[in-house]
Amino acid sequence: MTLFCPDLLIIRSLTICALITATSTFAADQVTRISDGTTVRGKFESLSKTQIVIRRSNDQSETISPADVHDIRFDREPPPLQTARSNERSGNYDEAIKQLQEVKAEYAGGDRRVPAEIEFLLARCHARRAFLNPEVAAAALKLLGSFIQQYGDHYRTLEATLLQAQLLVESNRAQGTQLLEQLRSSRVDGFAIQAGLVLGRVLLEEDEVDQAMQIFDVVIRKSAGKPILQTLHYDSRIGRAECFQRQKRWPQALETLNAVIAEVPDDQEPILAKVWIHVGDCHRLSNQSEAALLAYLHVDILYSGATVEHAEALYRLRSLWEGAGHPDRSRDAQSRLQAQYRTVCGLNKLKIRDSSRFFHLARTAFVYG
Amino acid sequence: MIRIRLQLFMVLFLVTTGTTTPLCSASDGRDAFLQGLRGRGYFDTALQYIDSLGKDPDTSDRLRTTLKLKRATIWLDRSTAARRPDERDEFASRALASFEAFLSEHPRHSRVAWTHEQMGRLLMARARQKLWTRNAPNNSIQRDQLTDAGRQLLARAKEAFIQARDLSKTQLATLPFVTREEDEAGYQLRRRTEFRYQQTWLNFVECLYEEALTYDDPESEKRLDLLKRATAVCEEIRTFSREGLGQSAKLMMGKCRLQMGDINQALGYFDELRNQPSQQAYMLALSRAAQYNRLVCLNHESRQEFRNVVNEATRWLKQNRAAINTEAGLGILYEKTIASEALARDEELSRQQRQLRLRKTLADLNLVSAVLSPVQEPARAAARRLRDELGQDRREPKNFETAFDRGREIIGQLQELRNAVQLAENDEQQMQATQQLELFEAEAGRMFQLALQFRKPDSDHSAVAQARYLLSYVFLQQRKSYDAFVLSRHVMRRHSEHAGETAASASEMAISAAVQIWAAASKDDRMFELQLVHEICEEVIGRFPGSRHATDGWMRLGRIHLELEQPQQAAEAFQQVPRNDAGYAAACIEAGQAWWLAWAQAGSGSKAQNRTPIDTATLSVWKQRAIKLLTEGVKLSRDSLTGSSLSDDIVRAEVSLSSLMNEDGKFTETVRRLTQGNPTVLSAIESSDERPERGVKSPAFAGLCYRTLLRAYVGTQQIDDALSVMRKLQTLGSTNTTAIYAQLGREFQKELKRLRDAGKDEQYDQVRTSFREFLEQVYESRDATEFGALLWIGDTYAGLARETEDAEESTESFARAVQTYQQLIQLPIDEPTAAGVRLRLIRIYRRQRNYRRAVELGTEVLTNNAASVSVQLEIAHVLADWGEHGEPERLLESIGGTPSQRKGKIIWGWAALARRLQKSRQQKNWTALKPLFLEARYELSRSRLRYARINPDSGQQQLEAAARELTSMAQVFDDLDQEWRGRFDGLYQEVRKALGRPGLVLFHPGDTADSTENGPAADDDLSVTGNTGAVPIFEGDPNQVNENDTPDSLYLIVGISLMAVVVIAGSFVIMRQSKKRIRRRYGNPSKVDLLTTKNSGVAVAKQMPSRRSSGATADGQRKSQFEESRSRSGQKGQLAARKAAASRRPRDQKRPSSPENQ
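Quick mapping for you: the protein sequence lines, in order, are chains A and B.
For the first sequence, position 174 (counting from the first letter as 1) is numbered 174 according to my numbering, and the numbering increases by one without interruption.
Just add 369 to wherever you are in the second sequence, counting from 1, and you've got my numbering.
What the hints contain is simulated information worked out from the structure, not anything from laboratory work.
Positions of the beta carbon are idealized from the N, C-alpha and C atoms, including for glycine.
Be careful, since some hints might not be right.
Label-pair restraints from in silico Cβ distances [stated by the list, open to error]:
1. A/56 <-> B/475: 47 to 57 Å
2. A/331 <-> B/892: 56 to 66 Å
3. A/331 <-> B/855: 53 to 63 Å
4. A/263 <-> B/473: 31 to 41 Å
5. A/331 <-> B/687: 30 to 40 Å
6. A/263 <-> B/469: 30 to 40 Å
Required output: the full structure, derived from the provided sequences and hints.
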């Protein structure tokens, strides 16, 4: 007989809540994937350099690549740790570092995973800060090195190594390149491919276009058909197009870029913005001003949320509008550029005129930030 | 023309129908980009992009087929945005060509109906443009051609709308009827198609209407036929649409009626529409159109309500400034010009006034002529006509000098016109006078603007400066504050060299304009405007240092600070005026007043107003500054007096100064200031007529002055003069005499206290004496019917009696007080007020030790209202005092109440009073009752002590009882402040001393109290003799003592465990009650666990013990829960108190246990 008197319903509800709560509190580890944004909850069975295994409440295990980790949380970790992660994600590195240091100092729990995670997060915050301000790169490198040394087989080791390599290519190109080569042979595809991408860009910067093309091709092949590597796949194709650009093979570059445009979903704003900038560059460098104008306008009209690309688009549109006989639109682009992007990436000392390197650096920082 | 018309139709279409299916879906990046380009107005780029899409092999077929349509839309947008008519035409033609190309290439496309509709609108817009311009003089030859061309375009438009209608109808027939729930997308599609179908009907009606208007003869058959057809279609539209389209149809019907000469019916339609309440953009547009057409009706030759048209139009234009440039707004302005011109010609006006009105009309016509609209050409024609007419006037300026002189002449007439506005006797007169004034102001402005247009490089610089300055003055009067500010500041900056005086005058204008800007700004955020005032004042001060302009700047700045309630900053601004300035005296007074205000505010309400408290030294400095500046200002002002009366500023300053003198006890000075001199301040505030609401003669200010003087007279013991002032105060009518008395009394008390604290005995006596004399006089001359005065007299005498140490004086004062109170009781006052007066008498009788009389009176009061706590309290005191002074048994009565044999005692006594007050502990007014309760508790024990002291033999029990009461008080009431703790503690010491016991601190719960002080639990009914033991007025009274002490931590654990148990127990109780309910409804479910349920899938089956128990009753359970809930109600230290209590409780008197222990 089912009894529906209110008192019993209350008791029943409370019992159910208690059971659910009990279930939740029993195993509260969780990991959120980059690829599809889903969060898997359960209990970590193993955390190694190459894989993360988590057992769900239904007793099934799931394996996640360390390269696919957007967020990881441990059962009974100190709550301020999550706040620190949020600050890091929103770019508030100073605050994140401060909070991590506080958590580190106060943590007295017995879970060894937590201090390791804190150490990594600290190192990563410093690294991301160093991307924007190279003057603090040394401190970041030190922390990364210390982490890698201390936690050799950690699931964060490869990510730390990649960050280290990215910082090193700016200060010590040879060492950085060497590290990237090592990472390319890593068993974790995601990091291997990211390392390939970074290496490809480094080679491009050094005008080693053929080598860069080779590396991009490898990355394209390796990342093709893998949903979790989709973004990297597109990035590598953009890299390949950039190689064509350097070789002044405009049709091939445009073909590559247009293919990416056709494939990328509309909600992938950062990628589309990047692609259109390159399309615009191709047209501009091949003296097709009208087409270049249209390409940059795509970024200005449709993808203004991608701040670095938008700033670059406005920068280019200034002169293109002027040349097209629209001085009012040129002035509009100029004023918006100055009003909105005077302090993009904190590099407010760089003048607008001298912005090529600025945009490249900023784009690099934002790609991997 | 196209732009306005298309805008209106876009609004109509988009807002009412919501049927516009976007050409581009957001999901298509190319569509989104194209939309973005359109949105930015980059039409040329958008067209280029379309071209590139056409050439791009990757463009999808779907997109490719619509490229011509997109191109047409962009040309349409471009035409709408174009400013030049030729561009508008060209772009509209291209749009049309693109539409036609699309239709020819894709006749079966799903967008064909929409395309026909767009074409129809485009054609109609072009037709209207041609028809509007056919009346232009330069088109007189082509008029017929333009008319024919217009008709042809209208015919094509009709054709397009018919096509759109038929296609929509066909499409509608294919769409199934679905509800929103069944198929949301299908439902919306059907709705959109229906709207489009209906909209085409309305568009068709528009064409009929416009075509009708091409026939100029109102009686033309063709015209009437078309209008009738249009009306019929509108009626049909209204049958299937009441909102949106139906309202548009109503407007169209009104317009048709208007054209058919049926003015009354047309007015009916327009009135309905213009008064509709909806704020939707579409409906507001209809409302505007209705308003315009209404004015057309009123201007009709059959109505000629020109005055109404002018008034309505003026009102509408003022309230809808943002809509002036809409088609309707321009139409309204145009109708106003028609009416204004008619009025200018019909009314009996002087030539000058007629000219002015016509010029104003011309100015309005020029505004209308500047914007493309249906009335543009008629307005142009009218403007030409008026220009020709007015241009014959020889006085129309042709050069700078003439215009300038003319302007100055008009300026000279403005004051008279302003006076006429102020003296207007009714609204109608005032409106006319205002309109007249505005006409002249506008004309003056026009003259100066003309003059400035005519000026040449060799024009007189000073005259040019003057023209600008006067123009800024006109702007200021017209409340064009920003214009006035900019122009006057320009004059100040640019003309200081050639026209210094004008530049200086302009500085005042600039300040005035800045102040006007500030005053008009939103009160929530005036920082920018205040900064503007600051800047201009400082600039003026910098440019003209030491000049009256600089002075003006400082004074304005100071007044603004006063407005912002910043008296300190205001004072500092006023003090910047240099000594040698003519306005120095006024500045001194203002500064003094500001310092006085700062001192008064800081001294009185800094806490309440959230201001930082100011230290005494600073306050003193401010006060001295105020005095010094006011004194100086007043002296200088008086010295420079030329007339026979004081200015308001001087009067105010004298009064402020006098109040400060009174503060310092300098009453003689006050009297001198207010009563001496020629003229005197008193004479300035006298008024034989009705006093104004504001100013120094107002009742409020005069009252302030008299009160200040009264205080001084009393202080100088000039009693007769004081009384005389008192009478003057009373003649002010609205003055509250009682309030005056009360204030006077407070001031005296304050002063007496000050003198006493300062040890100034002689002065103290003097003031006291003078006050007594004053009081005596007031008493003698009292009005026996005035309650307020009598009450004050009584209270003041009572207060004096209490304070004096002179017994004779005290007796006399009390006697006077009694007399006065007895007189009061005779007045027709309500019972509560009478009780209040009787209470005063009781207190006096008590002081006089006339206890019997006091008790009699108290009994009298309490018989009517026993619940009067104040009286109960006082009577208990009386009885206690009585007991101490001759009749000890009265002390017992004070404890237990009287009469003692009566159950419902009239006089409760301390015990019952305390008990009753305690019951109010959970009430909202407990904060007010708590002190009375504590007093009752205190006096209860104290009365016992007093009794015991008088009757040592029979007082022992009372002492015991007192000790117990005080102990239980300390144990239960731990939220007493230090003062009460001290008092209770002190009393406890005395009681213990009287008991011959060693002293013991009352408020340390850790101390083990003497067991003899704890008796068995007593009931509520107190015995006077205390035989039954302690006062059981607190529940949870720890009268039982347990010798074993228990550690705190164990109690903590037990406490937490108990709480957990109670939660579980609560659940079981709920279950038990539910089971009882079930049993009643379904029979006995036996031992089924109530948590078992089949449906939820959660099976938690348990075997539960039988709930039938003999031990615990429901009451017992409820009682334990009640006690537990009370224990959780937040009493501090209760756990500790219980620990102490538990240690004293006998084992056999434990609390009822929880159900599970049974």
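Now the hints, each set against the structure:
1. A/56 <-> B/475: 47 to 57 Å: holds, 56 Å
2. A/331 <-> B/892: 56 to 66 Å: Taking Cβ atoms as reference, residue 331 of chain A and residue 892 of chain B lie about 38 Å apart, which means the hint is violated.
3. A/331 <-> B/855: 53 to 63 Å: With Cβ atoms ~25 Å apart, the hint is violated.
4. A/263 <-> B/473: 31 to 41 Å: holds, 37 Å
5. A/331 <-> B/687: 30 to 40 Å: holds, 37 Å
6. A/263 <-> B/469: 30 to 40 Å: holds, 38 Å
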